[in-house]
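Novice: Sequence:
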Amino acid sequence: MSALVGQGVARVDGRAKVTGAARYAADHEVAGALHGFLVMSTIARGEVVEIDARAALAHPGVVAVYTHADMARLGLRLPGFPYNRPFIPMQDTRVHHNGQPVAYVVAQTLEQAQEAAGLVKVSYRAEEPVARLADALDEAFLPKKFREKDNEFARGDAAAALEQAEVRIDQTYGSPMQHHNPIEPHTTTAVWAGDELTLYESTQGVMFTRNVVATAFGRAPEQVRVISPYLGGGFGAKGPTYPHTLLTAAAARLAGRPVKLVLSRAQMYTSNGHRAEYRHHLRLGATRQGVLTAIADTSTAQVTRLDEAVYNGSDSTVHLYACPNVHVRQLGVRLDLPTSSYMRSPETTAHFGLETAMDELSHELGIDPVELRIRNHNPIDPRTDGPYTSKHLLECYRVAAEAFGWARRSPRPGTTRDGDEYVGWGMATETHTYGWIRSEAGLTIGPDGRATLRAATQEIGTGTYTVLSQVVADGLGMPLGHVTTLLGDTTYPTASLSAGSSTMPSVVGPVSEAARSARKAVIALAVADPRSPLHGVPAEEVVAEAGRLFARGDGGRVDSYRDVMARHGRSVEVIGRQDNAPGYSFGAVFVEVRIQPRLGRVRVTRVVTAHDPGRVLNRRTARGQVIGGVTWGIGFALMEHTMVDPNTARVVNPNLSTYLVPVCADTPSVEALFVDRPDPGSPALGARGFGETPGTGVPAAIGNAIHHAIGRRLRDVPFTRDKLL
4 MSALVGQGVA RVDGRAKVTG AARYAADHEV AGALHGFLVM STIARGEVVE
54 IDARAALAHP GVVAVYTHAD MARLGLRLPG FPYNRPFIPM QDTRVHHNGQ
104 PVAYVVAQTL EQAQEAAGLV KVSYRAEEPV ARLADALDEA FLPKKFREKD
154 NEFARGDAAA ALEQAEVRID QTYGSPMQHH NPIEPHTTTA VWAGDELTLY
204 ESTQGVMFTR NVVATAFGRA PEQVRVISPY LGGGFGAKGP TYPHTLLTAA
254 AARLAGRPVK LVLSRAQMYT SNGHRAEYRH HLRLGATRQG VLTAIADTST
304 AQVTRLDEAV YNGSDSTVHL YACPNVHVRQ LGVRLDLPTS SYMRSPETTA
354 HFGLETAMDE LSHELGIDPV ELRIRNHNPI DPRTDGPYTS KHLLECYRVA
404 AEAFGWARRS PRPGTTRDGD EYVGWGMATE THTYGWIRSE AGLTIGPDGR
454 ATLRAATQEI GTGTYTVLSQ VVADGLGMPL GHVTTLLGDT TYPTASLSAG
504 SSTMPSVVGP VSEAARSARK AVIALAVADP RSPLHGVPAE EVVAEAGRLF
554 ARGDGGRVDS YRDVMARHGR SVEVIGRQDN APGYSFGAVF VEVRIQPRLG
604 RVRVTRVVTA HDPGRVLNRR TARGQVIGGV TWGIGFALME HTMVDPNTAR
654 VVNPNLSTYL VPVCADTPSV EALFVDRPDP GSPALGARGF GETPGTGVPA
704 AIGNAIHHAI GRRLRDVPFT RDKLL
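Residues in the sequence shown are numbered from 4 upward in steps of one, following our numbering.
Hints in this document: simulated from the structure, not taken from any laboratory.
If you're wondering where the values come from, they're calculated on a predicted model, not measured in any experiment.
Be careful, since some hints might not be right.
Ranges of calculated distance between the beta carbons of each label pair, as one might list FRET restraints [claimed, not checked]: (1) R411 / I377: 14 to 24 Å; (2) G389 / E32: 47 to 57 Å; (3) G389 / T494: 38 to 48 Å.
We put the beta carbon where it would ideally sit given N, CA and C, even for glycine.
Throw the hints in and build the complete structure from the sequences for me.
Specialist: And the structure:
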């Protein structure tokens, strides 16, 4: 086993972050930069009739006000990922949602731009919008995109099996529109130098952003550089490229000077995607012994009038439990709202319904919820129709249940109290897909014997700098402090988007390969150099450890990276490449809730999780992912709800004072356990993608615990007091 990989190494970028040395996108100071601010539409559907910018242009410091009349015409194939809109704003007069950019103010200071934006007068021809899923459910349709991709999935005959089932569960579950709310707002600083463009951008994918922007402006990808060394949260919101990035680059081109735009919190609610409002009709059929015989899963999510993108998949319905008859349909309803997008763990919306329905089935049958899941455990990987190369979900159930004390649980709801509070215990399975994107990593061993890794992936706050530095240090046999990792720049070798739990599966393999190649290259230099103590030693007999190179079995023949490279006099440079494949990770979550019945107050007081992510690359960062996922799940279950005025389709709570997210006081300590067994099918040192798995089961586990506490079944999140009283 290697020395560093797997250890809970402290973050190598930690000091830079706590001292302010880490430069986030808006921190980059560009000489002569102007400040931009967007004017947003106040109608949801209709057309711009007139824009009067005279007062704004007369305001001190204002350089320009751009509208559809003078904004550059941008070329993209629409709709399509990674540009996450079916249209580009300010290309014509049409308005597709409330909060759509209709003008762009450029001024000397941010305050001047904000003040001038309030002076721009826009006249509209408004049409009546439709903003609520419930108002248009009869217009639900199966999007062509999903029919073509065969995302209406069928196995066996679910309808017939349901008719014959001994026990049936037939319920509908729901979740509202939710927003990502990273602390760092979306920001773009655009700098043109002739036909070449540099963007300082808050993005989860510098290469994806570069390609979109290059296409929009008719430039070669090499003419666009995107820099994003640190991200202050994204959660999927900064995965796609959005209109504000294109508009800022266009404004800078028109103004002939750099332009910086930082979206306001309220503007982020209509500019950067969200989790779609969602309804989930789920029917389970089973034997009286608790064996599933049928699952019929129909989900309905909001889409726009111009696209058909549904981002909340029902993957766990298809693969999680062994069931011979499954039918999944994903429907869309057209609303006059912004396009939704990926939001951390997008499969949670459907998974919440599945894991709640499984709890309802266990209660109906009188079978323990853990035992029910064990009886329906699925060893078959749907991607290969063969056994998983590694799956230890059953061990996750056992380990987490033992640590939680699940065996002491009274199965009868409403029977456990502590003072004036009811106590409930609930659990759920956790699972999520992870992606893979072909990536490269460049590694340089300098004349000083130190290593520098370069990859155009991102640090989104999860510990990528640290884990990749560990992989390099282990692969080279070099101290961690002798490794520098550089990320988030399109001048580095092409690497993965940091979304879809794809970073580690995509990048670790190439980084490991680069480290091995660089070690071999330096050893080859040593054994070929008559000045080296290792001269003439067979290369395969040379061991690298702590920066030293020595002959196996002959401790007297020692060299070092520093000395070899100093004699060589120039750098060694290698590129690592390693293919992988997408897949799944698994786990289990157990929660305790306490409910004050008179006030309807719910507190999550204890959480135990166990996960199987393959090999754990860093226990500290992996535990951080679990804590983040649990916190995210608590917000999903108890708080988060974007509210929209049905008459204007305007978001009415676009701030953190009324859109509630969990804080430390809402989150208990989390016991995070790991199986930690390398997956032999993963070339990423046995690790699988993991980041979005923790949290997927938390909303259902909380709802199941509430039912256990008071006997009331809640099927729509958030579980607010009005639903408990």
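Novice: Look at each hint and say if it fits the structure.
Specialist: Results for each hint:
no. : hint                    : verdict
1   : R411 / I377: 14 to 24 Å : 19 Å, holds
2   : G389 / E32: 47 to 57 Å  : 55 Å, holds
3   : G389 / T494: 38 to 48 Å : 42 Å, holds
The earlier numbered hints are all upheld by this structure, with none contradicted.
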